[in-house]
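Chain B: place on chain A using the hints.
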Amino acid sequence: MRIRALATLAGLALAAAACGNSAEAPAAAPTSAAPAPSSAAPAAGGKLVIWSEGAKRTAALKPFAEQFGAENGVTVEIKEITENPQQTFVTASQQGSGPDVMVGAHDWIGNMVQNGAVEPVNLTDEQKAGFNPVAVKAVTFNGQVYGAPYAVENLALIRNTDLVADAPATFDEVAAKGLALKKDGKVKEALCLQVAQVGDAYHAYPLFSSAGGSLFGATATGDPDPKQVQIGTGDSVKAWGKLGELGKKGVLKTSITPENSIPTFAKGDCAFLVSGPWAMNDVRKSGLKYDISAIPAFEGGKPATPFVGVQAFFVAAKGQNKTLAQEFVTNYVTNTDVAKALYDADPRPPALTAAMDLVKGNDPDLAKFLDAGKDGLPMPAIPEMSAIWEPFGIAEASVIKGGDAAKAAGAAQKAVEKSLAK
Amino acid sequence: MSAPSVIDPPKKAARHSAARPARRQVTTAFVVTRVAVLAVAAALLLYAVPPLVAAESWVALAVVIAVSAVLGYLYLSRRFVPAKYLVPGTIFLLAFQVFPVLFTFSTSVTNFGDGHRGTKAEAVTAIEASSLKQVPGSPSYQLSAATKDGELVFLLTDPATKQVQEGSTDGLAPVEGATLGMTGKVTAAPGYTVLTTAQAAARGKEIAAITVPTRGGAIKANGLSRAVEAKASMVYDASCDCIQGENGPWKASEATGYFVNPAGDVLSQGWQVNVGLDNFVRVMTDPTINTNFLGVFAWNLTFALGSVLTTFALGMAVALALHHPKMRGVKIYRILLILPYAMPAFAMLLIWRDMFNKDFGLVNQLTGLTTDWLGQPTTARLAVLLVNLWLGFPYMFLVTTGALQAIPRELTEAAGLDGANAWNAFRRVTLPLLLVALSPLLVASFAFNFNNFNAIQLTTAGGPFDVDSIRVGATDLLITYTFRLAFGSGSAQFGFAAAISVFIFAIVAVLSAVGFRRTRKQEDVYR
Chain A
18 MRIRALATLA GLALAAAACG NSAEAPAAAP TSAAPAPSSA APAAGGKLVI
68 WSEGAKRTAA LKPFAEQFGA ENGVTVEIKE ITENPQQTFV TASQQGSGPD
118 VMVGAHDWIG NMVQNGAVEP VNLTDEQKAG FNPVAVKAVT FNGQVYGAPY
168 AVENLALIRN TDLVADAPAT FDEVAAKGLA LKKDGKVKEA LCLQVAQVGD
218 AYHAYPLFSS AGGSLFGATA TGDPDPKQVQ IGTGDSVKAW GKLGELGKKG
268 VLKTSITPEN SIPTFAKGDC AFLVSGPWAM NDVRKSGLKY DISAIPAFEG
318 GKPATPFVGV QAFFVAAKGQ NKTLAQEFVT NYVTNTDVAK ALYDADPRPP
368 ALTAAMDLVK GNDPDLAKFL DAGKDGLPMP AIPEMSAIWE PFGIAEASVI
418 KGGDAAKAAG AAQKAVEKSL AK
Chain B
653 MSAPSVIDPP KKAARHSAAR PARRQVTTAF VVTRVAVLAV AAALLLYAVP
703 PLVAAESWVA LAVVIAVSAV LGYLYLSRRF VPAKYLVPGT IFLLAFQVFP
753 VLFTFSTSVT NFGDGHRGTK AEAVTAIEAS SLKQVPGSPS YQLSAATKDG
803 ELVFLLTDPA TKQVQEGSTD GLAPVEGATL GMTGKVTAAP GYTVLTTAQA
853 AARGKEIAAI TVPTRGGAIK ANGLSRAVEA KASMVYDASC DCIQGENGPW
903 KASEATGYFV NPAGDVLSQG WQVNVGLDNF VRVMTDPTIN TNFLGVFAWN
953 LTFALGSVLT TFALGMAVAL ALHHPKMRGV KIYRILLILP YAMPAFAMLL
1003 IWRDMFNKDF GLVNQLTGLT TDWLGQPTTA RLAVLLVNLW LGFPYMFLVT
1053 TGALQAIPRE LTEAAGLDGA NAWNAFRRVT LPLLLVALSP LLVASFAFNF
1103 NNFNAIQLTT AGGPFDVDSI RVGATDLLIT YTFRLAFGSG SAQFGFAAAI
1153 SVFIFAIVAV LSAVGFRRTR KQEDVYR
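Order-wise, the sequence lines are chains A and B.
Add 17 to the 1-based position in the first sequence for the numbering used here, that's all there is to it.
Add 652 to the 1-based position in the second sequence for the numbering used here, that's all there is to it.
Derived by calculation from the structure, the hints in this document are not laboratory data.
Note that the structure is a prediction, hence the values are computed from the model and not measured.
Just to be clear, a hint being listed does not mean it is correct.
[To be verified] Stretches of chain A that chain B covers, calculated by requiring three or more beta carbons in the stretch to come under 8 Å of a beta carbon on chain B:
id, segment
1, 76-90
2, 331-339
3, 413-422
Even for Gly, the Cβ is constructed at its ideal location relative to N, Cα and C.
Just chain A, with the same shape it has in the complex (with noise of 0.2 Å):
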């Protein structure tokens, strides 16, 4: 009996074990695959796989991703990372599970180089020249390009034109205006500027650095400086003030949040919205008569500098096919009329030049976007900057409720100083 159990085992496994190996096969593949390349029919070539986030701009790569394929005798394998997408690859990439290109933001760089997870993209002078030199600035770190920009995306001032007819001048005349509506019960809320309970820092910045408020100094070559932290010095207590004063008038609110602020403003509650070329979608929808500007200053302010935000290709480093991701990424996606079908599929603004002309005709808003976000600052893409939004939020939050401007902006000052100082 036992020597029956034995051999069934046995049996047993060397089935299981065949199951095992026939279904990993391909998967180990290129693992193992570099010394025996020549036995490989050219069709079943390579495999490129690619990483994006969210369900649109993933299913938008996709022909685009497989025409490259076509072209170029490989596979590409296209996959939609839905939470936390910036960890998901770096820890991927370390575990070398990871991808070939990884598509996302460009603030992501700075984490991305200290993990090791991209690797620099060889643009040539020619291709920089053809996007927008905020784009190309932004994927720039330590002196390297880091990626090839696709999109260029910041905030801008969209009104309510039925409401207000010209685009305020300074800021203290949205914030009087919309008070005004709200006074005459033609509007609910006097702003819709996201706040909510943890506060916001991408969309209060703005406001924060035309009043005069920094988060870091810079540095010879004019990068942010990550050893001046002035989050919570200076002129920077007096911005926190300022954001205190619309707080307690009432345009600011922490009752405004991500969910509820566009909504508002197309059901037509609000005069002004604060947001960027992913709100023009529902406002479209909602059949009201808008206009898009850039975010006024304060009077006697500094500009109002909103944050901009680029979308890109990574070459992940430790990737399978380094020379096919560096093919689709610098020769591939920079070409004009990958850019102009992109934003046919998915609508951002496009980072090159030439398909942003292409697409400016159809689509005023964006070269209003465009407008609005020329004297932005790329979003500062080293490490240390995660260690600025939650205490950005937190004191903002309480500033609106009514906090003291200078314990605030003190303690924010602390708790970024304590994260930085590791």
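This is chain B only, laid out in the frame that chain A set:
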């Protein structure tokens, strides 16, 4: 007739009992099921073999093989009946409880985190790769991959001069008589076989591996159709165990896992090192953690106890009401009551957060209040307890309903005959009997709520925050508070987070041990 064994259905045992009464019988169906189950288990385990071989994790491979062999032997043999029942549970306990705990411990003594994920060699590769820059004034070559006598080489066209050179690991050599295509790429050359794009793509790895040495640096392929001459400005020097380059030398520090220069700056690409008890020392001595610990701990206890007590009270009350013999439509009520439990808590928490919004929330709109629920410490605490009550009471209702079925109605009826009123009958008879059954669940529920990360993070994210202490919020649990310290600000610090987890594990373990001990005493009393 002998007593049937535990495994075999009595009928089958009876059928065969005449022939071999003492032993368990093996039927065809039995063998087939057993083999099928074993095959699935073995297949799952063996599925892990190729990746483990590829990753050269021999210890893990040995474990997998040993587990498969033990499983096969155990279940194909007729002996070891008790082990057949114990082994699956033990394996799951080891895999899902003991291993994660040990892994957390081992992580807590490292600096694992952003900037310290890989090995030193990987850090060096990353530093050198990110310092590669195109040699000033050098051309961007048009690249064609070709073979010459079976060896893979580059055919490089200078875009300005249209001059063609062969690039191999030996260096550059001139090529005569090459035919250029429209883009300047070589399409044919005597003595060479130019690869098609598909052929080149298939050999991408080999192409990436070719480095053509030049005077100014080295030529590497940049994709399939371009090659550039680049030079690394940062280079590892084994003789001094340092990186030579700008602002250098950057000396390797095995204590911190960074390359440090004389000025004290570090290169951001570090590696993972063992830091001993540093993370624990940091938890103990960090003033931010120290000063806030007691306050957070007190609210954490309140939240966990409050959640257990309120959910249990409401769940039990509803269960008792539905247990009443005169109650009608019990099934409908049960379905309705279980709904909150059946819906994904993740989404419900976010919906509750929006319902507590001051200007847009349903709560204020229905009540006509203008309370900023999640914006003030007291109301925020009340709100999260209410939300957790809503989410948690169906579970308590379910378990109490189950436990009530096991209490004979005669007992309460007898209490009634003895002159006890309903309240006394409940207090002296029903509740004690319920608690015997439910106390372990209450302790478990306490442990769960003590670390109920989602309930806080998705509603208040720990807030509201006081204006001058923005590191700690009024509804912060230890777990959300330390999550913010380890991940919220700046990079992910897994080593530090693991050390904190060890502390929280210790706290919950002690509290639960005390709870279970009390439970056992109670069981003794009512046994």
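The hints, checked one at a time:
Check result for the segment 76-90 of chain A against chain B: holds, 3 residues qualifying (beta carbon to beta carbon below 8 Å, three or more required). Under the rule that three or more residues need a Cβ within less than 8 Å of chain B, the assignment of the segment 331-339 of chain A holds, with 4 such residues. For the segment 413-422 of chain A, the assignment as covered by chain B holds, since 6 residues bring a beta-carbon within under 8 Å of that chain's beta-carbons and 3 suffice.
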